[in-house]
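Q: With the sequences and hints as input, model every part of the structure.
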Amino acid sequence: MSLPGDEVLGVNGICKRFGGVEALHDADLTVSRGEVHAILGENGAGKSTLVKIIAGVFRPDEGEIRLDGQVFRAMTPQGVRELGISVVYQELSLIPELSVAHNLVLTRLPKRAGLISLRKAYVIAAEALEGLALGYIDPRAPVSSLPLDQQQMLEIAKATMTRPKILILDEATSSLGGAEVGRLFDLVRTLRDEGTTVVVITHRMHEVWELADAMTILRDGATVGRYDVHKISQHEAVNLMAGRDVRAIFPEKRHGSANEVALKLSQVRLRANQEPWALDFRQGEILGLGGLEGQGQREFLSWVYGIGPGFGTLTRGDAQLRIHGPADALAQGIVLIPEDRKIEGLHLDLPVRWNLAMATLGERSRLGVIHMRAEREFALAAIGQMAIKVGSPFQPASALSGGTQQKVVLGKFMARHPSVLLFVDAMRGIDVQTKFGFYGMLRDLARSGASCVLYSSDTEELVGLCDRIAVFSDGAPVRVLEGSEITLDSVVAASFAVGG
Amino acid sequence: MSSLPHVPSGVDVSFQRPKFIWQRSYTAAVLAVLLLVLDVNQSNGHFSTIQALGISNEALPLALVAVGETFVILTNGIDLSVGSIVTLANVTVAVLAGHGLAGFGIVLAIAMGAAAGLVNGLIVCYARIAPLIATLATSSIIVGIALYILPYPGGSTIPGWLSSWTAGTIGSIPVSTIWLALAVVAGWIVLRRTKFGVNLQALGGNEASSWSAGIRVMRVRTLAYVAAGVCSALAGIALAGLTQSGDPTIGAVYLLNAVAAVIVGGTSLSGGVGTIVGSIYGAIVLSLVASVLFVAGLSTNLQFIVTGVIVIGALLVHSLQSKRGARIVRRARPTSEPRGDS
Amino acid sequence: MSRQRRSYLRPVEVAGPYALVALALIGGGLAIPGFLSLSHLSSMSGVAAYLGIIAIGQTLVLLLGGIDLSVPYLINLSAVLLVGFQVANFSGPSDFALVLVIGLGLGLVNGLGVALLDISPLVMTLGMNSILQGIAVIYTGGSPQGFPPAFVTTLATGTGAGIPYVVLLWVALIVLVTLVLVFSRFGRSIYSVGSNRTASALCGLPVKRTIIAAYAISGLSCALGGILLVGYQGSAYIGMGDNYLLPSVAIVVIGGTSLAGGKGSYIQTVAGALLITVLQSALVTINVNQAGQDVLYGVVILLMAYFNQVAVSREGGGSKAWLRGLHGLGGWLEPVGRRGDVVAPIPEPVREPVPRATGE
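As you go down the protein sequences, you meet chains A, B and C in turn. Using my numbering, read the first sequence as starting at 362 and increasing by one per residue. Using my numbering, read the second sequence as starting at 245 and increasing by one per residue. Using my numbering, read the third sequence as starting at 2 and increasing by one per residue.
Each statement offered as a hint is correct.
Simulated crosslink set (SDA-like; lysine to any residue; CA at most 25 Å straight-line):
| hint | chain 1 | residue 1 | chain 2 | residue 2 |
| --- | --- | --- | --- | --- |
| 1 | B | K439 | B | W423 |
| 2 | C | K209 | B | V561 |
| 3 | C | K209 | B | L564 |
| 4 | C | K209 | C | L180 |
| 5 | A | K526 | A | R469 |
| 6 | A | K472 | B | K439 |
| 7 | B | K439 | A | T468 |
| 8 | A | K472 | B | V429 |
| 9 | A | K625 | A | S845 |
| 10 | A | K614 | A | S851 |
| 11 | B | K439 | A | L470 |
| 12 | A | K614 | A | N600 |
| 13 | A | K625 | A | G844 |
| 14 | A | K526 | A | V449 |
| 15 | B | K439 | A | G475 |
| 16 | C | K209 | A | I668 |
| 17 | C | K209 | A | D689 |
| 18 | C | K209 | A | V730 |
| 19 | A | K472 | B | R437 |
| 20 | B | K439 | A | R480 |
| 21 | B | K439 | A | A502 |
| 22 | A | K614 | A | S845 |
| 23 | B | K439 | A | G445 |
If you are wondering where the hints come from, they were derived from the structure by calculation, not from laboratory data.
A: Here it is as structure tokens:
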């Protein structure tokens with residue numbers, strides 16, 4: 362453990378419950394003045410909740426928060442901002458139809474004779490942008506006209522404009538491409554040199570070691586400890602985050618390379634002006650799509666499933682497949698497990714039974730009428746098989762926990778006995794236990810001959826799980842690593858390679 | 245610790261000059277001018293500004309209601325009670341004018357409009373009832389009250405001064421044109437230059453972010469409904485001056501036409517995008533349709549079809565424009581419920 | 002926490018509105034002599050039947066999360082077409098069938114606009130209403146001439162064993178619609194699309210076809226309603242459908258169907274129709290004038306909407322729910338004034354608090 366220097370932000374004994382679920386208990390945090398402090402933890406460890414409590418969005422059930430030694434309580438987001446703490450969340454908080462300037466000065470609209478002075482607003486905005494080397498952004502432009510990574514930088518500009526004492530970045534790099542990530546790192550270093558304290562929440566380990574001075578590790582809602590970055594290794598940190606030796610939990614990979622091609626994708630062009638490329642999905646293997654965020658992994662999977670734009674040919678054996686939408690894909694034995702299960706995967710208000718049956722209604726109906734008894738038996742069987750914890754099949758899906766919900770999504774699509782499974786970051790936000798169960802299930806699926814294609818934002822997960830990894834950059838795979846080539850370093854290195 | 249490759253910092257993005265952005269309200273403005281020209285040209289053979297302005301009398305009440313409705317639609321809501329508020333204001337003025345209290349009647353009508361809007365806003369914000377249903381219910385209540393005040397059309401005792409303030413002329417310019425121009429200016433100022441206006445747009449654009457920016461969302465939303473109530477009341481008062489009587493059924497037709505005017509004007513139904521000015525142009529467009537058909541020698545019965553086509557067409561044009569222009573923003577997921585998506 | 006649920010709808014959701022209907026009937030029966038007489042019940046059920054039949058389409062469309070504002074002139078146009086065809090000497094039954102098909106087709110146009118062109122249902126149906134009005138006005142020159150075929154008049158006004166034929170027709174339709182909603186793939190699709198359009202598309206459900214079909218059925222049910230109306234009134238006039246738009250939405254909402262879609266049923270709409278009819282009939286009988294009726298009508302809608310939303314929602318059950326609604330008034334001054342965890346609803350990102358190891 363490292364000894365904190367002059368404490369600027371201190372959090373002690375925070376407890377927070379949501380309904381029956383305890384998100385945080387006894388969470389502590391000590392941030393020294395002028396340092397870059399990282400908060401690490403698995404998905405669901407409580408990092409975001411802790412930040413939201415500090416930011417005034419949630420009120421803690423117990424515990425205290427100290428700023429410069431002063432205890433503060435019952436704050437609103439506005440109040441916290443006025444105290445000098447700025448937060449940048451992963452979701453954009455910009456108003457798309459308003460101009461850049463409007464967004465930047467929204468909380469402090471400059472006035473002249475009672476009415477808003479646009480000129481002053483533009484001047485303030487331009488100055489703020491200039492200060493962050495974002496001078497190329499026109500303050501008059503509507504935010505919706507900017508590309509996503511510029512919007513994220515704008516988000517950060519908004520937070521740093523007020524020269525906050527403490528800047529908190531909650532997964533702020535997730536929408537940024539390679540170049541922007543670099544710029545953000547420079548910004549963080551500049552801010553630290555100027556005396557701002559920066560708190561960074563990320564699940565990208567390499568970012569922590571490159572940027573941070575100290576870290577706090579959370580696990581299952583409690584603080585494990587505070588550590589000096591130079592005195593702890595990544596592996597030790599990962600173990601502390603998981604509470605166990607991590608290496609043992611990935612199921613054994615396949616030996617040797619897969620031979621049979623399940624789906625051949627050729628002449629693929631996801632974006633305009635792209636050189637066509639090709640990739641195979643092979644039977645019996647788990648193929649990972651790696652690389653930084655936003656490099657085309659999601660677009661690729663969307664295109665294969667028929668819900669996103671792109672050009673290319675899909676071939677199975679000799680036959681060319683025409684996939685214009687999910688119905689076609691499903692008919693061909695291809696399923697997609699979506700990223701956001703609440704919005705894309707589940708019908709939250711509908712019963713679990715209906716959710717499970719949703720993708721296979723045709724199998725249990727004749728002339729358009731659903732055979733209810735068959736559906737009931739199907740649902741009960743699925744619930745048993747996947748160990749879905751639910752009181753009755755008619756409970757709405759919203760009543761289930763995150764991991765159980767994901768099981769329902771999986772169960773729904775597994776009922777189609779698919780030969781190709783596409784996973785869009787499906788393990789995000791799942792508790793550790795369930796996740797490990799999924800890993801085992803994925804491996805079983807592969808062993809039974811299916812082809813699993815997995816996009817995950819968690820590089821360790823990819824490295825531990827996949828037989829092959831196609832690392833994406835700028836909309837196309839730049840390297841395909843196989844077997845022993847797959848290591849954390851090699852994947853990360855390939856992610857940063859400039860597209861050739 | 246293995247050394248990671250150094251990230252080259254700052255790849256320069258080319259300077260972005262804003263292209264000329266075709267504002268949504270321009271479409272309605274162009275359409276309005278077009279129809280205006282057609283209208284007057286056909287009947288005279290040459291363009292007379294004075295005649296063109298003659299449409300103001302007809303367009304004024306609709307424009308006022310449309311302006312009020314715009315405030316509400318900008319917050320991603322809808323107000324179905326505007327027609328009934330028009331009626332309420334109208335009969336209130338008529339009845340009180342009959343007792344010689346026209347001035348008081350006007351003040352009372354505006355107050356009632358504001359009160360109705362307040363009730364709407366409170367129901368929507370605090371009882372959390374969907375605006376569609378809430379304002380549908382209040383419209384029934386308000387119509388009932390109006391019927392109670394004036395069961396049958398009547399009241400020809402509207403004082404002359406009210407008529408000249410609404411239907412009269414200054415020189416050869418109709419007073420209503422001046423009111424319309426004032427409405428345009430006032431609308432622009434409120435929406436673009438006041439805190440309320442900017443907050444309104446923010447609220448409609450991204451409610452969750454507005455919360456975290458410290459905007460008093462409930463207050464802004466309620467004020468929008470109050471504004472709608474006041475504007476509708478003003479329209480009812482104007483109608484009293486224009487038609488010189490009170491009528492408990494007068495407001496009914498204004499609801500659908502006002503929503504149509506707002507849509508033609510380019511305001512998006514999901515909120516955040518739109519202008520007051522556009523809605524006024526939209527009202528002018530809709531008021532001109534019957535007139536243009538008449539002078540073109542076509543059956544005025546066609547106006548309904550033309551109106552319907554214009555409304556649907558305008559929406560298509562606007563949504564095509566925004567699809568081409570904007571990129572998809574990954575916005576914070578709203579906490580408000582979805583509003584009629586399919 | 003998880004009671005054993007046996008079906009999609011909770012019994013209270015269906016029983017609630019019907020209990021209110023029973024209350025209204027009992028109240029009316031106590032206060033008004035002859036209120037519960039067979040002839041009065043029969044006439045009330047007849048009135049409710051018109052409303053209920055027209056609201057079949059509106060129910061389906063609202064279950065999808067949409068709305069159909071073209072109800073007034075779908076009804077009106079069907080009525081004038083029917084009498085118009087009669088004047089042109091087509092045969093009764095074929096006129097009937099033709100008008101129904103036209104209604105279906107017009108509804109289909111609504112559906113195409115909403116599903117394929119992505120036009121907001123509010124705008125599409127609003128515009129269509131205007132267009133249909135134009136067609137009706139042009140076709141009839143403003144004053145429709147002619148009479149409905151005899152068998153339609155019989156259907157609309159006749160009774161068998163004291164029960165109006167319309168009511169029998171309505172009962173048959175209630176059974177049909179309910180069977181479809183509960184047992185068919187189409188019905189399941191309606192609930193699914195209304196609940197979550199994106200997820201439904203990803204599962205391969207025919208989203209667009211479902212939407213188009215629902216609006217088409219709305220056109221059909223309004224056409225049937227228009228035919229029956231003109232059969233009842235003996236002639237058609239411009240504006241005869243105007244009074245049916247708001248009630249068609251109101252009774253669906255009173256019944257408990259959510260405006261956002263995915264939750265509700267036609268059985269509930271039926272209860273809404275009965276409730277409104279009984280209340281209005283009682284008011285008319287005790288000589289409350291139109292003004293009073295309108296006010297009461299609005300108040301009932303507000304109350305039912307509030308209780309349906311607050312009292313029967315997943316989390317908020319019980320007596321404290323309405324308190325929570327009122328407490329929001331304190332929030333007028335400062336967001337801090339609100340009780341509860343969330344001071345400002347910044348939504349949770351994909352990661353959410355996870356149950357401790359013991360729970361899962």
